[in-house]
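Undergrad: Numbering (the numbering used here), first residue to last: 1 to 941.
I should point out that these hints are in silico values taken from the structure, not numbers from a laboratory. No incorrect hints appear here.
Label pairs and their calculated CB-CB ranges:
no.	residue 1	residue 2	range
1	T63	D827	54 to 64 Å
2	T846	Q776	20 to 30 Å
3	R159	D285	27 to 37 Å
4	T734	A587	36 to 46 Å
5	R308	L412	28 to 38 Å
Here a beta-carbon is modelled for each residue, glycine too, at the ideal position from N, C-alpha and C.
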Amino acid sequence: MLTAGGAMILEVFRVMADGDVTGCTLAAGVDPADGGYWNTSLSITGQGIAFRYCMSTWAPAPTWWQLACWPLLLMVVAGLLFAVLPRWKARGSRAVSLESVDPAGEVLAQLRELGAATGVTPLPRVVVDPASTSVSAVVFGSTRRPVVCLRGGLLALRRSDPKRFRAVLLHELAHVANRDITLTYLTVALWRVFLALVLLPYVLCLGYVMYGVTADGGVPQLDRAGALAVVMVVLLYLARSDTLRSREIYADLTAVRWGADPHGWSVTAAPHRSAARSAFDSFLDLWRTHPRWGLRQGALTDPAPLFRTAVLPLFLLGVVPVMAVPQVIRQIALYHVNFTNNLMAILVVVPGALVAGVIVVALWRAVAYALVTGSRVPSGARAGGWLGAGMSVGLVMSGFGAGWSWQPERPLVLLVPVAAGATFGWWVTQCARLWIGTSRGQTLRPALALCVTVSSVAMMSWLTWWMLAGVTSLNRDSPSAEMIARGILRWLPSTEAVGELARVPGIATVHPQLGNIADTPMSALAVTLLWVLPMIAWAKGPAASSPDWEPTRAALAEAPVASLRKVVRPGLVAGALACLAVVGIQAYVHTGQPAPEARGGLYALRYTWLLLSAVCLPAAMAAAVACAADRRYRLLSGLIAGQIAALAGLTATTLLVSVDGCITPLNVLSDSCAWRPAWWRPLFPFTYVLSNALVLSALAAVATALIACVLHRRRAPNAPVTPHADARTLRTRTQLLTVGLLCATAVVATATDGAVRRYQLGFTTDALTYQRDLVQTWGLPDPRLSEKTRLRQIRAWYRLRGDELIDVAILYDRQLTAALRAAQTADDRWGVLYRQLPSVCSDWKTAAWFETLWFRVPAEGAVRADWHRMASLADAGSKRCAQALDTRDNSALLNALRDLRAAAFCAESANARIDGILREGGYRGTSRPAATGHTAICDHT
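Work out the full structure: start from the sequences and follow the hints.
TA: What follows is the structure, encoded as C-alpha cells:
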C-alpha cells in the first residue's frame, strides 16, 4: 500500500509540476510506439548524463521531503482514524451501555462466566446498539482495549435461542483472544486513508490530464500508468478482503473449541446451482469482507481447507515484489541514485523475506496437517506455480524489464517465474516433510525459522537475478557477437582480434546468461543453503516415536527416510570423477598454451567453459543416481548429491589453478611456480566459475528429479512402515559432526565469496566512464521511425537544449574570428594571437563535450554526422591549439585554427539542416537563421 501510494502520488506531483518528460525521452531517441524495454532503456542509460540534465531542467522531481513525508502522513492519519473509529462506533447516539438495557446483569454475568472459562480477562467493554435488529455482534477498538457491541436483535434472541446467543458471544471473545482486532481495524483505517489521500487525488489528476487531452482535440486513453493504478487498487482491495475473511473463520474455530454449539452457525442449505453460477459465486466471495455462512459452517465440519494453500493469496503475494520494487526504483531514480547490483539486492530484502515467509509457513502448515492426519502430502508445485504466475502478471503490469507493450517480445519468458515458483514450492514442501519427520522437540518453530531464513535468501537471490538481468536478457534478441567479444576482451585482456572471439558458436547467447548469474550477489550462497538445510535434517534421522510437538499421536504415518549414504555416495563418486575431469582439462588446455600476452580472451574463456563442463556433467550424473534413493525426496537427494560432486570438482579446480605453473604438464595460465590463489588471478574468473557451477548443477538436479518423477509417476509409492526405535549412537553423532563440518565449510566459503562479490559490485565508476563503456559495448539503438516520430525527436532535441549548444558553438567561432581580425590590424600579429587565443581554445574544448552533455542527434543521420563532426573537430582543434600555444609553433597553430573554423561550419550546417526539417514539418524553423554558402558546408573528409 505504501509503495502503490508513493507511485500514484509521484504521478500527481509530476502532473502538478507540468514537466516535459515526453520531450526528454524523445530527445534521447526513444520511440513512443516502441513497446520494448531494451531500446528505451539503452537510449536513456547510454545517454544518462544528458537525460539527467534534461529531467532536472524540464521535468524536475518533487523535493525529496514531499515523497518522504507522504507515507508518513498516511501512517499518521491512519493512526488518528484508528483511534477515532472506536469512539465513533460507540458514540452515545448509536450505542448505550449494557447496564441500561440489562439492569439485572444477566448478560454481564454470562459474559463474565464465558470470559473466565476462556481466559479472556479482563473482560472487554460491552455496549449495545438497541436500534439494530441484526442477530449478531461486533468487536472493535484495539487488541489492548476491545469493545464488544451487541445488536438489539441478538439480545432479543437470548431467551428463544440461548445456544446461538452463546455461540455469538464466544465468537466475539475469540476475536479478542486471537488478538486480531488491531490488525483488522488498522487495515480498515489504512484502506480508508488510502482512498482519501491517494486514490482521490490521483483520480482528480487523471481527470485533469484527460480534460487537457480532450480540450486539445485528442482522444483520451487509459495508458500504462492509469492501468497500473487500477490494478494496484484492485490488488489492495482483494488483499484487504482476504485478511478480514480469514479472521472470521479462525474465530469460529476458536469458539467451537471453547464449547460453542456448531449449530449456532447453522443455515439453510443452499439450493443446487450450476457450475457457472458456482464459479460466479466463488468470484464474488473474493470481494467480500465476511465469508458466507455456508463456508463458515463447512470449516467447522472439516478444517482441512484451512490448512490448504489458498491460490488467491499466493497469486497476490507474487505480484507484490515485481510491482513494488520497480516503483521504488522509479522513485529513487529521480534523485540521481545510481542503479547497481547491490542496490537491487537491498531493495528485494523486504519483499523477498515477505514472500518467502508467507509461502513457507503456509506450506509447512499443509504438510504438518497431512502428516498428522495421514492424508496426502501436497507437492507444493501448484502453490509455487501460482506464486510465479503472480510474478508474471506483475511483470506484464509493471513493464519492468519487459517493456511497455502489454505482451512481452518473447511471451514464453512469462513461464520462467511459474517454473521457478513451482520448483521453489516443491523444495519447501519436501524440506518441510523431511524436517517435520525428524523433529523431536516440543515445537517446530526452530526448524520453521531455519527454513524461512534459507528460503528468504533464495528468494532474494532469485528476485535480484530476475529483475536485474534475467527478464531483460531473456526477453530480447541476443546482442551481436562483436559486442560480446569486445566486452570479454576488456574482462580477459588478450592480443587476439575481436573477430576471432566473435566467431565462437553461441558466445552471444550463452556468455551473457552466465555473466548475469555471476553478477547476482549471493547466488552461490543461496544454492548452498538449499542443500545444506535438508542434509542436516537427513543426518539427524527419523523421530523415534511420538514427536513432542504432537504428543497425542503415537507416531507420524510416515516411512523412515532413506539412509544418508544412498544420497552421499553418488555425490562422492561423481566428485572423484569431476576431479579427474578437471585434471584432464588442465592437461588438454596445456597442449595449446599460447604466449603469456595471449592467454586471455578466447583462450581463457574456453578454459573456463571446459572447467564448468568438467564440474557440472558429473554433478548431473550424481543427481540422476541419487534421485532413486527416496522417492519422496527426489529433489532434495538429487540436489545434495549434485552439489557434493560440484564442490569436489570446484575444490580440485581451485587447488590446481592456485598452483598453476608448478606442474608442467598441467600449466595453463602461468609458467613459473608460486602460490597464486585462484580467487586473485586476473585471467581466471573465480566467482564466474563458482557461481555458475553451483547454479547449473542445481538446475541439473531439478531437471533430473522432474524427469524421475515423470518416469515413475505410475509406480506405487513407498509403503509406510513402522519407524524403528531411534538411538543416538556414537555413529549417529559422528555422522552429524561430519555433515555439520561439510555444511559449515560450504556455507562459509560461498558466503565469503558472495560478500566479496557484493563489495566489488559496490565500487561504482563515475557516470561518464559507465556511459562510455556501455555505449562501446552495446552501442545506441537506431530503430526505424515514422516520419511523425522523426520530426518530434528532432524538434525535442533542438528545443530543449540543442539550439543553445549550436548558438554557443557559433559564439565561439565569433570570438575566434574577432581574435583573427584583431591580429590582422595589429603590428605584432602573432603576439596578439598568442595573447587572445588561450581563452578561445579553452572555450572550444568545452564544445568537444557537447555530444556527452547533450543527446546525440536522433532520427536524422545527416544532422547527426554534422554534429558529431563538429565535436570531433572541436576536440582535435582545441588540443592542437593548446599544444601549439605552449610550443609557439605557428604552423601547428594555423592548422588548429582551421579545425576550429571547420567545427563552426559543421554547427552551421547542422542548424541549417534542422531548420529545413522543421519548416518542412510545418514548424517555424530554428531560432537562428539558417546559414548559406560555404559557411553551412561541413567537411567530412
